[in-house]
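Number of protein chains: 2
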Amino acid sequence: MSQKNKIIEPKVLKGFSDSLPKIEIQKRRIINKLEQLFSSYGFVPIDTPALEYTQVLLGKGGGETDKQIFHFEDNGGREVALRFDLTVPFARFLAANFNELAFPFKRYHINKVWRGEKPQKGRFREFYQCDFDIVGVDSSEADFEILSMMNHSFSKLGIKNFKFHVAHRGLFNAFLTHLDLLDNSVEILRAVDKLRKIGEDKVKEILIEISGDEKKAQLILDYIKYDENETFLQTLSRLSALSGGEVEHTTRMTEIYNYLDKADLSEHFILDPSITRGLDYYTGIVYETFLEDLPNFGSVCSGGRYNNLASLYTKNELPGVGSSIGLDRLLSALVELDSPLLKQSSSSDVIIFNKGSELYPIGTMLSAQLREKGLRVDSYLLNKKLPQQFKYAEKNSIPYGIMLNNETISENTFTLKNLETRETFDHISLEKAVEIIKGN
Amino acid sequence: MSQKNKIIEPKVLKGFSDSLPKIEIQKRRIINKLEQLFSSYGFVPIDTPALEYTQVLLGKGGGETDKQIFHFEDNGGREVALRFDLTVPFARFLAANFNELAFPFKRYHINKVWRGEKPQKGRFREFYQCDFDIVGVDSSEADFEILSMMNHSFSKLGIKNFKFHVAHRGLFNAFLTHLDLLDNSVEILRAVDKLRKIGEDKVKEILIEISGDEKKAQLILDYIKYDENETFLQTLSRLSALSGGEVEHTTRMTEIYNYLDKADLSEHFILDPSITRGLDYYTGIVYETFLEDLPNFGSVCSGGRYNNLASLYTKNELPGVGSSIGLDRLLSALVELDSPLLKQSSSSDVIIFNKGSELYPIGTMLSAQLREKGLRVDSYLLNKKLPQQFKYAEKNSIPYGIMLNNETISENTFTLKNLETRETFDHISLEKAVEIIKGN
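Just so you know, the sequences run in chain order F and H.
Taking our numbering, the leading residue of the first sequence gets 1433, the next gets one more, and so forth.
Taking our numbering, the leading residue of the second sequence gets 1433, the next gets one more, and so forth.
Be a bit skeptical, because a hint or two may be false.
A pair holds if it fits inside one copy or across any two, identical chains being indistinguishable in the list.
Stated by the list, open to error - 27 Å max Cα-Cα, derived BS3-like pairs, lysine-lysine: (1) 1588 to 1870; (2) 1636 to 1816; (3) 1454 to 1438; (4) 1787 to 1694; (5) 1694 to 1864; (6) 1648 to 1636; (7) 1747 to 1817; (8) 1443 to 1544; (9) 1465 to 1775; (10) 1747 to 1454; (11) 1636 to 1438; (12) 1816 to 1747.
Everything labelled a hint here was simulated from the structure, so no lab data went into it.
Produce the complete structure using the sequences and hints provided.
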């Protein structure tokens, strides 16, 4: 008997957490808004398995991810792993389903990924990613479309003061070619990507080590310096000159800028050559997104153009461009920004208080009618005194309550109470109540 | 070089599958409808980690799930496992977050679970579950609320001819007590639960083995026999008599039936004593849902009342009642039923065809305006001839296309084409186009 009553501690793993209603309501609201937005651009949703063959996910391996991935041998002796991003599974998906898809293929994918990273503030071992990509076309129009969707996403979420920092990987490679350092591009990219984290001096040290040349290291640092007094096109022209003159990438960036300008979006975009993105699959434009009101928060939406993402899995060439929003990080940012989007987290619009089981069927009927009018209606189910019922409503941030009473049922009215102001409306009809509740 | 070009086969694990856009659009539509419905009843969403301590998920263990669970040792040497249902994590969640929650707590949880089951038709190793529960109250009103939400869910999904088969675990236990077989209740429940699968003769054999009494085995079989000529209340009264007379459970079932009847829902509910549910945590009403047009499909929504679900993790008593919809199975059913809900799977309402990059910014502006009117607007991004663009639209089931041309831009009109009927509207304004597209 003592065995049977032994309590198991209900703990979760380090780096994982339960999502309580107030947070989950907000998360679902953000996801719904983004889904609606992506759909309005003709993007379609996909999903892939959470669990895949380890070898498929790691490819040739050797990266940081190898250490962070959750992997194990399943009961059938297969080496399997939980996906650590939505990019690799997407590449695999494109190869596996190539003949089923209509290209250019525009997809979004919002779901969880898992990484055994060291847990720290804002870093979790389980988190949502939200990716959207256009695959099958290499053009400034496709690049622009992703950028304009990023812009639209942030506006739609009610975020103000965001800036997209863009650069071009091809342009940077042209510059490295000019310096005769193209063979070291991956190491240089990774070094430059650390600029914000470790500072200029440390990056210079690493660059000298890579290039064996203090002058070249300095040239790289000059190249990646963002000058806020230059316009987008001035910076572009300076970078082109540093790379030995105009190249096709200069033209591409000019075209993209012109589209942004014509669409009245250019004020949100900065040409910032320090943006390089550490990942080596990018080949064209790259970008990160910063919230000006949270300068130390880091990027909340990043991506770029890759012209051969699925090459591990297929010989079909699949140029693409895409972006990824870190939903949990974005949610943390919205919390810090005290976003109005997160204000409304009531579980219902109105609650029917419990006045005994004889009145319950009347309440049920009333609830059904209110739901048909588009309201969310809770009904209190315990036989408790009214003050305790009010407490429940308060804990759930429910703004209105309805009290039925035997005397007024015959006239089809009831009492409506604004639970915040304590204002009471007696002998009120269904129509009038809906009006008051919606008016709030 | 040859190493670098080696292709990795883009395969997925057995029992897992990619979700292509047509399926994923449908799945998301169903999920959104259910989320809306649950919210309209004041239910709030929660989520729990996909990965938990194995010991927490398996509890005292010993069940079928032990063999099916995906579990492993993580890099920190912890024994961890992927959740195999949303019920056990919910019990753990209730214990862990008891002080944060407002009771009665009404929650829904829609997310994936993983089981290493033998893959077969309609059985996957990764699938969505959709659970909704009311915890903290033991009353006929709470039981009724879950039943009426089940009914509302199926209506809202446009499903016709569904029947909820309900029974009462407490009533069945009273019957077993009467037969002096209560100590064997778990084995008997599991045997009876197999009736549909293995047939009456086999079940009888097992029951004789358990009870050691052919007569008692026959009495059990008589008890669980559903007689379609009886009304709900007649069956209830017969079962009570077989259990030695009326008990509190008879009263509870009568109350629930009366609420269903008053809400005009009783025609969808059948008192079917063969429904026992194999799981031993149920203590009150239990139910399964069958689609009459797919008689061999099995239950698509099941659950019941449990009065001590979280007892493994807490000493707080948490009576509850809930239900679980197997979303992937329901989706398969909807496909087989050729449900109208699945008809609309276009990626967009309208597509702007590509007439060259000079017209692209105009198309962008037009798209933005159409989106503001609530339309989903794709824009074709490759420089291809029109027939190829039509093909893309067709593959994506997009019903309308817009062609811009230089001559009519100044008058703010364009050409709209119904891509199904091939009907063409020239010199059409934005307002008129929206009207036509929405009218469809």
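Hint-by-hint comparison with the structure:
1. 1588 to 1870: both (22 Å within a copy, 23 Å between copies)
2. 1636 to 1816: Neither, since 69 Å and 47 Å both go past 27 Å.
3. 1454 to 1438: Answer is neither; intra-copy 32 Å and inter-copy 48 Å both fail.
4. 1787 to 1694: between (62 Å within a copy, 18 Å between copies)
5. 1694 to 1864: between (48 Å within a copy, 25 Å between copies)
6. 1648 to 1636: For residue 1648 and residue 1636, only the intra-copy Cα distance (10 Å) is at most 27 Å; the inter-copy one is 86 Å.
7. 1747 to 1817: between (70 Å within a copy, 25 Å between copies)
8. 1443 to 1544: Classified as both; 21 Å inside a copy, 20 Å across copies.
9. 1465 to 1775: Answer is both; intra-copy 15 Å and inter-copy 23 Å each pass.
10. 1747 to 1454: Only across copies: residue 1747 and residue 1454 sit 25 Å apart there, 47 Å inside one copy, limit 27 Å.
11. 1636 to 1438: Neither: 59 Å inside a chain and 36 Å across chains, both beyond 27 Å.
12. 1816 to 1747: This pair counts as between: shortest inter-copy Cα distance 23 Å, intra-copy 68 Å.
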